[in-house]
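Student: Respectively, the protein sequence lines represent chains D and C. The opening position of the first sequence corresponds to residue 1 in this note's numbering, with each subsequent residue numbered one higher. The opening position of the second sequence corresponds to residue 1 in this note's numbering, with each subsequent residue numbered one higher.
Don't take each hint at face value.
Claimed, not checked - SDA-like cross-link-like pairs, simulated, lysine to any residue; straight-line CA separation at most 20 angstroms:
hint, chain 1, residue 1, chain 2, residue 2
1, C, LYS371, D, GLN34
2, D, LYS91, C, ALA345
3, C, LYS371, D, MET25
4, D, LYS65, C, LYS193
5, C, LYS193, D, LYS146
6, D, LYS17, C, SER367
7, D, LYS12, C, PRO344
8, C, LYS546, C, LEU576
9, C, LYS126, C, LEU576
10, D, LYS12, C, GLU407
11, C, LYS379, D, GLN34
12, D, LYS17, C, LYS612
13, C, LYS476, C, ASP257
14, C, LYS340, D, GLU27
15, C, LYS371, D, VAL9
16, D, LYS65, C, SER367
17, D, LYS17, C, ARG366
18, D, LYS146, D, GLY157
19, D, LYS12, C, ALA345
Just so you know, the hints here were simulated from the structure itself, not pulled from any lab data.
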Amino acid sequence: MSANQEMAVRYKNNFLKEVEQQVEMGEWVKMCMQCGVCSGSCPTNFHPGWEHPPQEIFMMIRAGKREEVLSSPSMWMCTSCYNCIVRCPRKLPITHIMHGLAEYAYELGLAPKVQPTKNLSKLFWENATKTGRINELTFSLGMYFKDAEGKINIGQGIKKGLEMQKVALGLLKAKRLNLFEIFGGHKCKDQKGIHAMLAKAYALESKRKGRHVG
Amino acid sequence: MAEEKKFAAYICKGCGLGDRLDVDALAGVAQKEGKMQVVRQHDFLCNADGVAMIKNDIANEGVTHIMIAACSRRAKTEAFFFPNNAVARTNLREGVIWIRPDTEEARETTQDMAEDYVRMGCAEVKAMTAPAGNANTGSNRTLLVVGGGLTGMTAALEASKTGYPVVLVEKSGQLGGWAAKLWKRIPAHEPFKAPADTGIADMAAQIAADPNIKVYLNSTIAKTDGAPGRFVVQIATESGAVSTEDIGSIIQATGFDLYDANRLPHLGYGKSPNVVDQAGLEALAKAANGGPILRPSDGKPVTSVAFVQCAGQRDTSGEHLPYCSGYCCNASIKQAMYFKDSNPAIDTTVIYTDLRTPGNGEDFYRSAQEKGVIFTKGKVGSVAPGGNNCVVNFHDLILDDQNAQIEADLVVLATGQVPNSGINIDMSAEEKAEEAAAEAAAAEATASGAQPLQFSKKVSVLNLTYRQGADIPQFKWGFTDSHFICFPYETRRTGIYTAGPVRRPMDMVQAREDATGAALKAIQALENAQLGRAAHPRSGDLSFPKVRLEGCTQCKRCTVECPFGAIDEDERRFPLFNESRCRRCGTCMGACPVRVISFENYSVDTVGSQIKAVDIPDEFSEKPRILILACENDAYPALDMAAMKRNEYSAFVRVIPVRCLGSVNTIWITDALNAGYDGVMLMGCKHGEDYQCHFVKGSELGRYRLSKVGDTLKNMNLETERVKDLEVAITDIDNLPRIINEYAQQIVDMGMSPFKGF
C-alpha cells in the first residue's frame with residue numbers, strides 16, 4: 001500500500017484531522033474565518049499557478065477535498081514573503097501551512113509532476129545535505145541541466161550555461177565563484193554526523209506523525 | 001386677577017458685542033420701538049453682577065417680562081434662569097457678530113441685523129407669559145412592567161433597587177420567558193469561551209423575595225387609561241378577576257416569538273423530527289441534562305449536527321423575515337458547543353452566509369473553532385429528510401460549489417425573532433381586509449376538518465384607551481417605534497417605554513442593557529409628570545398646550561396629528577388634552593387651522609409678532625429679508641456651532657427657532673410673505689425611514705402641511721422658490737452657511753418681493 005493510500009484509509013473522510021496531525025502547523029486550519037485578507041495580500045495572487053488562494057485551500061480542507069488540495073500547485077507558489085501572516089486577523093501561520101502542505105503532498109507522492117519550486121527544493125535539499133554545505137556551483141549547474149520534470153537535459157544545460165556566461169565571469173572576477181568546487185568543494189567536518197542527525201530527525205518526525213520510516 | 005406686566009430689556013456688551021455693535025442704538029430701539037419700560041446695558045451680563053441686576057429688578061422694580069439680548073438661547077441657560085418670569089432671549093452673539101465679518105463695509109448691515117433681533121426679542125416677550133406648569137398631574141410612583149422575561153425581570157429589579165415599587169405582569173404561568181427555556185446562555189463575562197448558566201432561576205428568586213415587586217402571573221393588561229403619573233391599569237388575572245393598579249409609568253417588555261419554522265418546509269421542518277429550530281434544540285439539551293443529546297427519530301445519541309443560519313431570515317424574496325436577528329449566530333455557536341463539550345468526536349458544522357457575532361462574540365466564535373466546530377460559508381437550498389438523518393444541500397460560497405452536501409443526524413434552523421408588539425394601529429384598510437381574509441380562511445379550514453392553517457390574530461398588549469389606538473405605534477416589521485439614534489427606549493407614547501426584542505432584535509446582554517435604560521427613563525418620566533414637566537426632549541419644560549375651545553371647529557386635526565397620541569376626544573367631541581402625555585412639540589399648534597392652540601411661552605403670536613417686528617427696508621434698498629424658521633433641536637444648534645467656527649453668512653436672514661417643523665403654522669409664512677419678506681427658509685430634521693426628528697413625526701407632518709404653501713404662493717403671484725424647505729442635520733455646520741448664502745444670492749437674482757411697504 002502506498003503512503004498515500006495508507007493515510008487515506010487511516011483518516012477515512014476526515015481530511016481536516018489528517019492535516020491537523022500530518023501537516024506542519026495544520027492544527028491552525030480550523031481557525032480560519034474566511035475573511036480573505038491572505039488572498040488579497042498575496043503578491044502572487046494573479047499568477048495562473050495560484051489555483052486556490054490560501055483561504056480557499058483551508059475551506060477545501062474542511063470540506064474534505066483531499067485529492068484536490070494535495071495535488072494542487074497552489075501551495076507551491078508561495079514565495080514566503082510572509083505578508084499573509086502579518087495581516088491575518090486570526091494570526092494563522094499561513095506561509096508555514098503552505099509549506100507544510102507542500103511537504104506533505106510531496107511525501108505522499110501527490111505533488112504535481114511539473115513544478116519548478118518542487119524541483120528547486122529537491123535539488124537544494126540534496127545538495128545541502130550531502131556535505132552539510134551548499135555547493136553553489138554544482139547547485140546552479142544542476143538547475144541548468146534539468147528540465148521542468150527534473151530530468152537531465154544536456155542541450156538545455158549548455159544553452160543556459162552560455163546564457164549565464166557573463167554573470168559567471170563577473171562572479172569569478174569578484175571571487176564569489178570557485179571553479180574547483182566542481183570537485184566536491186568545501187564540506188562540514190563531520191559529514192557522517194550530519195547524515196546521522198538528519199536520519200534521526202526524520203525517524204522522530206515520522207514516528208510522531210505515525211508515518212512509515214523508509 | 002389681572003397681573004401688572006412690566007417689561008425689561010437687558011443688553012449685554014460682553015464677548016465683543018460692545019465693540020462690534022452700537023449698543024446705545026440697540027437700547028434706543030428696545031425703548032422706543034420695543035416699548036420696554038426698563039432698558040439696561042451691562043458689560044458682562046451673565047456674570048454674578050449682571051444676573052444680580054436682573055434679579056434686583058424682578059424683586060424691587062416689579063419686572064415680570066425679561067428680554068435678554070446677548071448670546072444664543074442655548075448658552076448660559078443656568079445664569080439666565082428665571083423660572084417665575086417670561087423670558088425671551090435674543091441672539092446677538094452667535095446670531096449676529098460671530099457670523100458677520102468685522103469690517104467697515106459690513107458694519108451697517110450687521111447693526112441692522114442686531115436692531116432687528118432686538119425688535120424681535122421685545123415682540124416675543126410681549127406675547128409671552130411665564131409657564132405655570134401643568135396642573136393636571138398624578139403622583140403615582142409605581143412602575144408597571146409588562147412581560148416577565150429577562151428584560152422585564154431586569155427592569156423590575158433595577159427599578160426596585162432604585163426604590164420604586166413595581167407591578168410585574170406576565171401572561172404565562174412562570175417568570176423567565178425564552179431565557180428560562182434555555183439550557184445554557186451565551187457567555188456575558190470573560191473569558192467568553194463556554195456556554196454559561198442563564199441565571200434566570202436566581203433572578204426569579206430575587207423577584208419573589210422582593211417586597212417592592214408585585215407579580216401577576218397568568219395575567220394580561222385589560223385596559224390602560226390615563227397619562228404618565230396617573231395611569232390606571234386593569235389587570236385581567238387567570239381567575240377572571242380584574243385588579244386595578246395605579247401606575248406612574250410603563251415598561252413594555254413583551255419580547256418576541258421565534259419565526260414559525262412551519263413556514264420553512266423546504267428546510268425539512270415538520271417533515272423529519274430530526275429537523276428542529278433553536279428552541280427545539282434547547283429542549284433536547286434540557287432533556288439530556290448534560291448527557292449526550294439524543295436524536296428525536298430513534299433516541300440514539302447524535303453523532304453529527306448541522307446548523308443552518310439565517311433560516312427564514314435576511315430573505316430578499318419577501319416571503320420570510322427580511323432582517324437579521326443578530327443573536328442567532330452566537331446562539332448556534334453556543335449550541336454547537338453543547339455537542340463538542342460533551343463529545344469532541346461529534347461532527348458539528350455551522351453553515352452561514354455571514355457570521356455575525358456582536359458584543360464579545362468574536363472570542364466565543366474563536367473558542368468554538370478551537371473546539372473543532374466547523375464553519376462553512378454557504379447558502380442552504382434545502383434539507384432532504386431521511387429516516388434517521390438528513391442531507392443538507394447548500395451552495396458553498398467559498399468554493400463556489402452549487403452541489404455541496406452535508407449529512408447530519410440533526411439539523412438546527414436558526415429562525416430569528418418576531419416582535420410581540422400587539423396590534424398595528426396604523427394598519428391600512430387593505431391590510432385589515434387581508435388579515436380578516438386570512439382569519440376567515442383559517443377558520444374555514446379548521447371547521448372543515450382539514451389541516452388547520454397557521455393563523456394567530458394579533459391581540460393588543462396594553463389596551464390603551466387612547467384615541468389613536470390601543471398599542472404603541474410600530475415602525476418597521478412590527479417592532480415598536482423607537483428613536484434609534486438618540487432615544488432608543490423612547491416610544492411615541494409618553495411614559496411608556498419599550499425594551500428588549502419588542503423594540504429591535506437583540507440578545508440577552510443587549511436586552512439587559514435595554515431594560516436598565518428603560519427603567520431609568522420610566523422613573524424620569526413619572527418624576528417629571530408629577531412635577532407637571534415635560535419628558536425629553538424638552539425635559540423640564542413647564543409649558544403645555546392650552547386651547548380656546550370656544551374657537552374650536554372640531555376638525556380633529558390635532559387629535560390625529562399629535563405624534564404622541566396625547567389628545568383624546570371628550571364627550572362633546574372637543575379635543576381633550578392629556579398634558580402629561582404631551583412632549584411640547586407644538587405639532588397640534590401648527591396643525592390647528594383656526595389657531596386656538598398655544599403654549600404660554602410659544603404660540604402663533606410669539607412667533608408671528610417676531611415676524612412682524614422685523615423692519616422691512618423698501619424695494620430699492622437692495623436689502624432683502626429672508627425669514628428662517630429653524631428647528632431648535634438640530635438646525636438652530638447647527639447655526640450656533642457654525643457661528644462658533646465663525647462661518648459667515650448673509651446679513652439678510654432673520655432666524656427664529658421653532659420647537660419642531662411640525663409646529664410651524666402656515667399663517668407665519670403667509671404673514672411673512674405679505675409683510676414683504678423676500679424669502680422663507682424652513683429648516684427641519686430628516687423624516688421618513690431614517691428619521692431624525694426628535695418628535696418622530698413632527699417634521700414629516702410639518703413638511704406635508706407646508707407642501708400646500710405652493711398654492712398660496714401662486715395665489716400671491718410669487719415665485720415658488722420664495723419658500724425653501726431644507727433638511728438639516730446637526731452636523732451641517734459648514735454646509736448651512738453656504739446654503740444660506742446661495743439662497744440669499746438666489747433671492748437677490750430673483751429680485752425683491754413686490755409686497756413691501758403695505
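Student: Each of the hints needs a verdict: does it hold here or not?
Tutor: Checked hints:
1. C:LYS371 - D:GLN34: Holds. LYS371 of chain C to GLN34 of chain D sits at ~17 angstroms (cutoff 20 angstroms).
2. D:LYS91 - C:ALA345: It is violated: about 26 angstroms lies between the C-alpha atoms, which goes past 20 angstroms.
3. C:LYS371 - D:MET25: Holds, at roughly 16 angstroms.
4. D:LYS65 - C:LYS193: Violated: LYS65 of chain D and LYS193 of chain C sit about 30 angstroms apart, past 20 angstroms.
5. C:LYS193 - D:LYS146: violated (54 angstroms)
6. D:LYS17 - C:SER367: At roughly 18 angstroms apart (the allowed maximum being 20 angstroms), SER367 of chain C and LYS17 of chain D satisfy the hint.
7. D:LYS12 - C:PRO344: holds (17 angstroms)
8. C:LYS546 - C:LEU576: Distance of about 11 angstroms is within 20 angstroms: holds.
9. C:LYS126 - C:LEU576: violated (28 angstroms)
10. D:LYS12 - C:GLU407: holds (15 angstroms)
11. C:LYS379 - D:GLN34: holds (15 angstroms)
12. D:LYS17 - C:LYS612: violated (84 angstroms)
13. C:LYS476 - C:ASP257: holds (16 angstroms)
14. C:LYS340 - D:GLU27: holds (17 angstroms)
15. C:LYS371 - D:VAL9: Distance of about 24 angstroms is beyond 20 angstroms: violated.
16. D:LYS65 - C:SER367: Judged against 20 angstroms, a Cα distance of about 25 angstroms means the pair is violated.
17. D:LYS17 - C:ARG366: Holds: LYS17 of chain D and ARG366 of chain C sit about 18 angstroms apart, inside 20 angstroms.
18. D:LYS146 - D:GLY157: Status holds; Cα separation ~7 angstroms.
19. D:LYS12 - C:ALA345: holds (14 angstroms)
Violated hints for the displayed structure, listed by number in ascending order: 2, 4, 5, 9, 12, 15 and 16.
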